[in-house]
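Chemist: Okay, here's what each chain looks like letter by letter:
Number of protein chains: 2
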Amino acid sequence: MNSTESFTMRTLKLGLIYSSLIFNVFIVYKYLDGSHLVDEKWSKSAAGEAEAVAAVSCSGHGRAYLDGIIGGDGTPVCECNACFTGLDCFESVPECVLDADSGNPIYLEPFWMKHAASTAIVVSGWHRMGYEYDDGSLISQELRSEIFKLHDIVKNVNTTDRYIIFGAGSTQLLGAAVHSLSLKSSTPTKVVASVPYYPVYKSQTELLDSTKYKFTGDASIQNTSDSSTSFIEFVTSPNNPDGQLKKAVLKGSNKIHDLAYYWPHYSPIVSPVDEDIAIFTLSKLTGHAGSRFGWALIKDKDLYQRMVKYMDLNTYGVSRETQLRALKLLKHVVRGGGQELFEFGYGTMKHRWELLSKTLQASKRFSVQHLSSQYCTFLDKHRTPSPAFAWIKCEQEEDEECSKVVLGEAKVIGRAGSLFGAGNDYVRVSLADSQDHFNILLNHIEKLVSQEKIGSGTRFHFYNTANQTWHANYQFMGLDQDIQCSFDGSSFAHHQGAATIAAT
Amino acid sequence: MNSTESFTMRTLKLGLIYSSLIFNVFIVYKYLDGSHLVDEKWSKSAAGEAEAVAAVSCSGHGRAYLDGIIGGDGTPVCECNACFTGLDCFESVPECVLDADSGNPIYLEPFWMKHAASTAIVVSGWHRMGYEYDDGSLISQELRSEIFKLHDIVKNVNTTDRYIIFGAGSTQLLGAAVHSLSLKSSTPTKVVASVPYYPVYKSQTELLDSTKYKFTGDASIQNTSDSSTSFIEFVTSPNNPDGQLKKAVLKGSNKIHDLAYYWPHYSPIVSPVDEDIAIFTLSKLTGHAGSRFGWALIKDKDLYQRMVKYMDLNTYGVSRETQLRALKLLKHVVRGGGQELFEFGYGTMKHRWELLSKTLQASKRFSVQHLSSQYCTFLDKHRTPSPAFAWIKCEQEEDEECSKVVLGEAKVIGRAGSLFGAGNDYVRVSLADSQDHFNILLNHIEKLVSQEKIGSGTRFHFYNTANQTWHANYQFMGLDQDIQCSFDGSSFAHHQGAATIAAT
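Taken in order, these protein sequences are the chains called A and B.
Whatever position you read off the first sequence (first residue = 1), add 1 for the working numbering.
Whatever position you read off the second sequence (first residue = 1), add 1 for the working numbering.
These are calculated hints, taken from the structure and not from any lab test.
Heads up, some of the hints might be wrong.
[Stated by the list, open to error] One side only, chain B facing chain A, incomplete, derived with CB under 7 Å: (1) TRP43; (2) SER46; (3) ALA51; (4) ARG129; (5) ASP135; (6) ILE140; (7) GLN142; (8) GLY288; (9) GLY291; (10) TYR317.
Fair warning: this is a prediction, and the values are worked out from it, not measured in the lab.
Glycine residues also receive a C-beta, built at the ideal position from the N, C-alpha and C atoms.
Excised from the complex, chain A in its bound form (with noise of 0.2 Å):
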């Protein structure tokens, strides 16, 4: 700055000075007084301890929660996918058994990832502290209104005059359900589902051991000729184990029908049902199984109000926090018309059922249920369902329990077929896990199959001659396989020999 800066630029440097100054003193005020600077107030301990646990990383094999259990470094530990292990579940468990009996939605966790910012809610310390909403109900109407605009779109269902309840899973509705159609009854009401159904049909129904209503078992074997008997048939569709779209069976029976997996997740949607009771589930919608969520649609106004009663005596309502969370959820899917959701869900199942299914078509000694394309009103086309489970049937004799075999043999738990009221020749497997859970499951699976045979010509070379055992190194479909054969000397050439060889 020399003695001849002109008037102009001496005024413009004090005042870039002057200003300077006074803007870092807002700045600095402004900063302190949090308030002003960030929109959260109250809320962002609560944000930044959500946010440090979402950060955590689990080297892309877990996650950890909030209310996780706390580890050493006095945040909480990572909760690893199957058969992943260590703190930060970077290690494979070796020689893991891999649960596949649970049907845990977890496939759809990634989406509800990447949708972080639009999908969480911040519940206050005061949120809905009351036993009712503002009319007096236990049911939240936002979220009743969200539901039905997502029946509309997805049209699975009727909604037109229907009377909607909420419950704590479909669980809890199906009970429920029963429950209040008993009462209608005066005689004993028989429970039946055909063939292979969800076990907790029979064992709830069993466990409540009502004066008013027995689980009797398959419903395509009752005898409804006595009409003093009255019936309850569960009709599930698509079917938990199967994945088939079903109809009722008996003629004159009250139906329940559990449509928990009547998404395009699952199933094309060929039309809306239109029944007296339909049953949903968050659970395999959004994939929010902990949350015990779900909703039935009713028909008759005495019916519902029958289901209320059970309702508010059995638990008092679903939780505000719940319902408030399962809106957020349902909020987002229904924005965009559904595509975000449907597309991820059907997309990852439609995949995994082709590798799988494929794998098992390879076999002769296992079998999978075979689902026939339909045209979906959704998707507006063709297609075929992608179930959750695969329903795998041991074909051969000596095997009788599949179930036993493929943990055996496949290190892999299933749920047993006589649970389902099928045979024990059939087991079921979860497909709707997560991708590494997926991953593993298939890599089981194939190798279970591979063992199966080399298929003819396969070619071996060998080099021992004499009557003996040996063991052979070879690839199968692009795994290692070992074996062990026996030589009587007969079959092979003496020196190098080729030969066609079944596993033993």
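We have chain A already, so just place chain B on it with the hints.
Modeler: Just chain B now, with coordinates in the frame of chain A:
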């Protein structure tokens, strides 16, 4: 700045300008890159929504919720306290009838609003989607741990060697306990409770209509000489509706101890309850009735396992959102040894009980339960109970149905005594709702009592002396009263008269 400025000064100025500029650029960069300046990323939008709803003004007579019905301005509407109305809850409902039937624990709401920052939770879209926790159970270990800490502080129950099970409110656990206890017995079990009892014991047991148990009524009139009959006795302590500490009546019965109100808010803690089944609910501890969360402490392993099975088949556990929220709330309670919550709770209930019982003491027509002072180990002093309900008795024969009297003459809806197995000369009225609710309740009860008599010695001066009817306006107990009296010429002086007048 003149030309004789020293080098130092010029350097200082240059330094000031440049560092200021650098600082400004840095600050602007940080401000624009929100992720650095603010902690929230994906939770930001959810936090903003929640904060905005919390800031909705409802004139101090209500509040808005995140999932409230959306009003014309696109934000959730105000949900008003009893007898308030209008878009912002500013208007009083004329001739309002106050619903004091339900035990909605809204008196605790201000406590949670005050502790907003440490009691909010952010629930991510992928929080705990699976059916089970990492250990395969349906129970959060962290929450379990917090509950045991709380009981260690309050010493209201013995938790040593106890199994714990969660339920959707104590509602679900009561039913689970009855069911599971009855499975042990080969003969139908009689379910009893001493009068007056909480109505749900009867209605819930009757609804389930099991072959294994029946609600039989008043425990104190049961014939226990038949050893083939087993009993299940509900012991509610403090009792609902009358707040009395109670013990079992029947010897040899299976006992279910319902300890919903056994907290310092309502009762002296005289000793830790040491029984087979002890049931608690979040509803009465923190006031979160809408969350549907309770827990049972069980001594016997077999019974515990039967209750777990019941919970599995009824609802498959309690929602993950609810357990996360309960954990956050209880962590806050436990911090600081529970002092804050219990001081607030006890302080509020004590004050309300004093005001209401004092009002009713002035009455000959109505009485309220007498509650004795006892030593409280938690507060380390003698104290009277401060119950959530007034158990009002109509003392006059002509007031046959006390709930109708209180409704018709005080415009207060209470719950009739017959629902509690008692006579209809009783009515239960809640003291546990919002401050607005209690103010109105007190006001209505005061008016009701004031109408009984003007009291001896109250003197009025009249200027009419002819035989006629006239009206007088006076103040009794601080309230304006209008009365109509007849004068037959014999009891009053001619001109200015003064008389003791009884209400007609």
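Chemist: Confirm or reject each hint.
Modeler: Evaluation of the provided hints:
no.: 1; hint: TRP43; verdict: holds, 4 Å
no.: 2; hint: SER46; verdict: holds, 5 Å
no.: 3; hint: ALA51; verdict: holds, 4 Å
no.: 4; hint: ARG129; verdict: holds, 4 Å
no.: 5; hint: ASP135; verdict: holds, 4 Å
no.: 6; hint: ILE140; verdict: violated, 11 Å
no.: 7; hint: GLN142; verdict: holds, 6 Å
no.: 8; hint: GLY288; verdict: holds, 5 Å
no.: 9; hint: GLY291; verdict: holds, 4 Å
no.: 10; hint: TYR317; verdict: holds, 5 Å
Violation of the numbered hints given earlier is confined to hint 6; every other hint is satisfied by the structure.
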